[in-house]
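Student: Next come the chains, spelled out residue by residue.
Number of protein chains: 2
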Amino acid sequence: MKTEDSTSIVGVDIGGTTIKAGIVSTGGSILYQNKFPTLADRGPAAVVKQINEAVLDAVRHSGHETVGAIGVGCPGVVDDDGVVKSPPNFADWDEVPLKLELGLLFPGIPIGVENDANAAAIAESKFGAGIEYPNFLFVIWGTGVGGGIILNHKIFRGPTGGAGEFGHISIDYNGPQCNCGNMGCVEAYVGQRYLSQRAAQKLQKHPESRIIQLVGGDLSKIEPVYISQAALDGDTVAREILVEAGQLLGVGLASVMNIMDLRVSIIGGGISAAGDFVMQSVQDSVVRHVLKPLKSEIRVLPAKLGNNAGLLGAAGLVM
Amino acid sequence: MKTEDSTSIVGVDIGGTTIKAGIVSTGGSILYQNKFPTLADRGPAAVVKQINEAVLDAVRHSGHETVGAIGVGCPGVVDDDGVVKSPPNFADWDEVPLKLELGLLFPGIPIGVENDANAAAIAESKFGAGIEYPNFLFVIWGTGVGGGIILNHKIFRGPTGGAGEFGHISIDYNGPQCNCGNMGCVEAYVGQRYLSQRAAQKLQKHPESRIIQLVGGDLSKIEPVYISQAALDGDTVAREILVEAGQLLGVGLASVMNIMDLRVSIIGGGISAAGDFVMQSVQDSVVRHVLKPLKSEIRVLPAKLGNNAGLLGAAGLVM
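Respectively, the protein sequence lines represent chains A and B. Sequence positions in the first sequence follow the numbering used here and run 1 to 319. Sequence positions in the second sequence follow the numbering used here and run 1001 to 1319.
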């Protein structure tokens, strides 16, 4: 396949189970895309080998003999030198100088490495829902809650690359304990564990709920994806749960908007896809909780790029 | 008085009741300082006239015929053009183009205008407790709670100049209502109103407290300054109240540090001067609530410049 660009930009999205690499046009089209197992349980060397395979495969399909640049998005904190620190569920991975290692595999080719949530934020900024907004907070709302901050069309990484941890804004210092050890984090309220518990609780009084059908009657199997699905199917209990969760998410967003002088939030991840009523719930909550001068300008918008955000943002890093 | 600098930098600190102007050396020494009434109740024109008087007086005492630059710190949101918006308790002051107006009074002289909390943050960064910290959150903890964010030794103003509103991070979405309309804001927990109520509550069981002596037995007269004074005098109840408040402040700080990847907070304002035990309480709370990678690097430090921070930071703006 021949690209229209004079060089090929490769974007790589490293997830816990699969690595996706693709050829991305400067306009943000994915011209080719593959999928390799991450092998995260086999340690960093195995993962780097898989990245190499994925990139080589993408290059082979690009119609070019080499690549113009490689951008990588991956879990964990990524410092300014492209060292990736402690990605969750990656075995034996404390600190790995991923940028350096890829530089040895692809000498002379510009390489960028960024945290996956930041990469997705970059993608929405360059190609998605954030094109017209120079400043916004991007949120991934799925099993956990992650984020990335765009200031003046660029990612705000903070002093050491750790900025954007929206999931760990506490909205109740007496609230439920979060996996991070803190109390009442946004993630502890609207992430998988809490949503599933809340659903199980509510469903005891609602045996007719679509959620119960979707999990085959086994309440221990409830996951946000089923709640979203049930909500899409019009289930009242599912909608109530997500509206409540949206309100709580909005409390955290308002705090961030107040401290950083932001007005716009773009929300991606599985739950955000459950329907406009979720966005509306978040929007209403932010407007209610934010400082007066910000109220009229608040915009809470769904992300546009879905599962491709990571790969597109990784490519966007090196454009 | 002759300055050692070849030109004079004038710093102006506009408060609700007094305007202070001073000649500031590039090293951060105040070489001369005056004080004029703000006349905030007489409208913007009267205030601008007072600023003019204060600056002219400072120049007269500088030993120079003119000034090198004028920096101004004032309440309210200040946009990138030096327009000052809605400073609290300033009559008829919606939006005033202060930078422009001062430019007409002092033609050809560089003029900077900044929010007062941001100016104080700049002062601590350039001349005070923040010199060695490129990134920190500055907090003013007094009647209200304000803040300013220093990133890479510069003030972070946010997209429209409103960043740093630390007092309006909510730490409990079911908490007491804040003046801003939101629930559970840091300011609603550790600002004047709440502290005074909390004290009045506790004192019913502690008639021996030094606080009661300080307010002449009238619990309606309790203000944070008396609680601080009693704490300095060793009063147990006062110390308990401030330790509790410090813990709550720390919850808010932890959220900001998580989202912005910060490790350092410098705390000024009246209450911070009550003693090291307050700083220790805040520090312990932040360490307890912040994400793991940040814990070992957390530093909560008292501000160094006290009441001079505003004036010094205003001068620092234009250095």
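Source of the hints: derived by calculation from the structure; they are not laboratory data. Take the hints with a grain of salt, since some may be wrong.
List time: in silico EDC-like cross-link candidates among lysine to aspartate or glutamate, alpha-carbon distance up to 16 Å [as the list claims (entries may be wrong)]:
id, chain 1, residue 1, chain 2, residue 2
1, B, K1292, A, E101
2, A, K99, A, D79
3, A, K292, B, D1094
4, A, K85, A, E65
5, B, K1205, B, D1233
6, B, K1304, B, E1132
Which chain A residues face chain B? A few, computed with CB under 10 Å, are given here [to be verified]:
id, residue
7, G15
8, N152
9, R157
10, G167
11, D172
12, N182
13, S255
14, D261
15, A273
16, F277
17, R288
18, P293
19, L294
20, S296
Remember, predicted model here, so these are calculated numbers, not experimental data. Cβ coordinates follow ideal geometry from the N, Cα and C atoms, glycine included.
Student: Now tell me if each hint is right for this structure.
Tutor: Structure-based check of each hint:
1. The hinted pair formed by K1292 of chain B and E101 of chain A fails the criterion: a straight-line CA distance of about 27 Å is larger than 16 Å.
2. Under the criterion of a C-alpha separation no larger than 16 Å, the hint pairing K99 of chain A with D79 of chain A is consistent with the structure, at around 10 Å.
3. Using a Cα cut-off of 16 Å, the hinted pair K292 of chain A and D1094 of chain B holds, with the two alpha carbons roughly 14 Å apart.
4. Restraint check: the Cα-Cα separation between K85 of chain A and E65 of chain A comes to about 32 Å, which exceeds 16 Å; the hinted pair is violated.
5. With a C-alpha separation of about 19 Å, the suggested pair K1205 of chain B and D1233 of chain B falls outside the 16 Å cut-off, and the hint is violated.
6. Between K1304 of chain B and E1132 of chain B, the direct Cα distance comes to roughly 13 Å. Compliance with the 16 Å bound is thereby established for this hinted pair.
7. For G15 of chain A, the suggested interface contact is broken, since its CB lies about 21 Å from the closest CB of chain B, more than 10 Å.
8. Hint status for N152 of chain A: holds, given a least beta-carbon distance of 8 Å to chain B, under 10 Å.
9. Against a cut-off of 10 Å between C-beta atoms, the interface hint on R157 of chain A holds, since the closest Cβ of chain B lies about 7 Å away.
10. Hint status for G167 of chain A: holds, given a least beta-carbon distance of 9 Å to chain B, under 10 Å.
11. With a cut of 10 Å, the hint placing D172 of chain A at the interface with chain B holds, because the nearest CB-to-CB distance is about 5 Å.
12. The criterion of a C-beta within 10 Å of any C-beta in chain B is met by N182 of chain A, whose closest approach is roughly 5 Å, and the hint holds.
13. At about 4 Å, the closest approach between the beta carbon of S255 of chain A and any beta carbon in chain B falls short of 10 Å, and the interface hint on this residue holds.
14. Residue-level restraint check for D261 of chain A holds (minimum Cβ-Cβ distance to chain B is 3 Å; threshold 10 Å).
15. Interface restraint check for A273 of chain A: the shortest CB-CB distance to chain B comes to about 24 Å, outside 10 Å, so the restraint is violated.
16. At about 20 Å, the closest approach between the beta carbon of F277 of chain A and any beta carbon in chain B exceeds 10 Å, and the interface hint on this residue is violated.
17. Look at R288 of chain A: its Cβ gets to within about 8 Å of chain B, closer than 10 Å, so that hint holds up.
18. With a least beta-carbon distance of about 7 Å to chain B, the hint placing P293 of chain A at the interface is held under the 10 Å criterion.
19. Of the supplied interface hints, the one on L294 of chain A holds, with its beta-carbon coming within about 8 Å of a beta-carbon of chain B, less than 10 Å.
20. Below 10 Å, beta-carbon pairs count as interface contacts, and S296 of chain A has none with chain B, the closest being about 13 Å; its hint is therefore violated.
The structure shown violates the earlier hints numbered 1, 4, 5, 7, 15, 16, 20.
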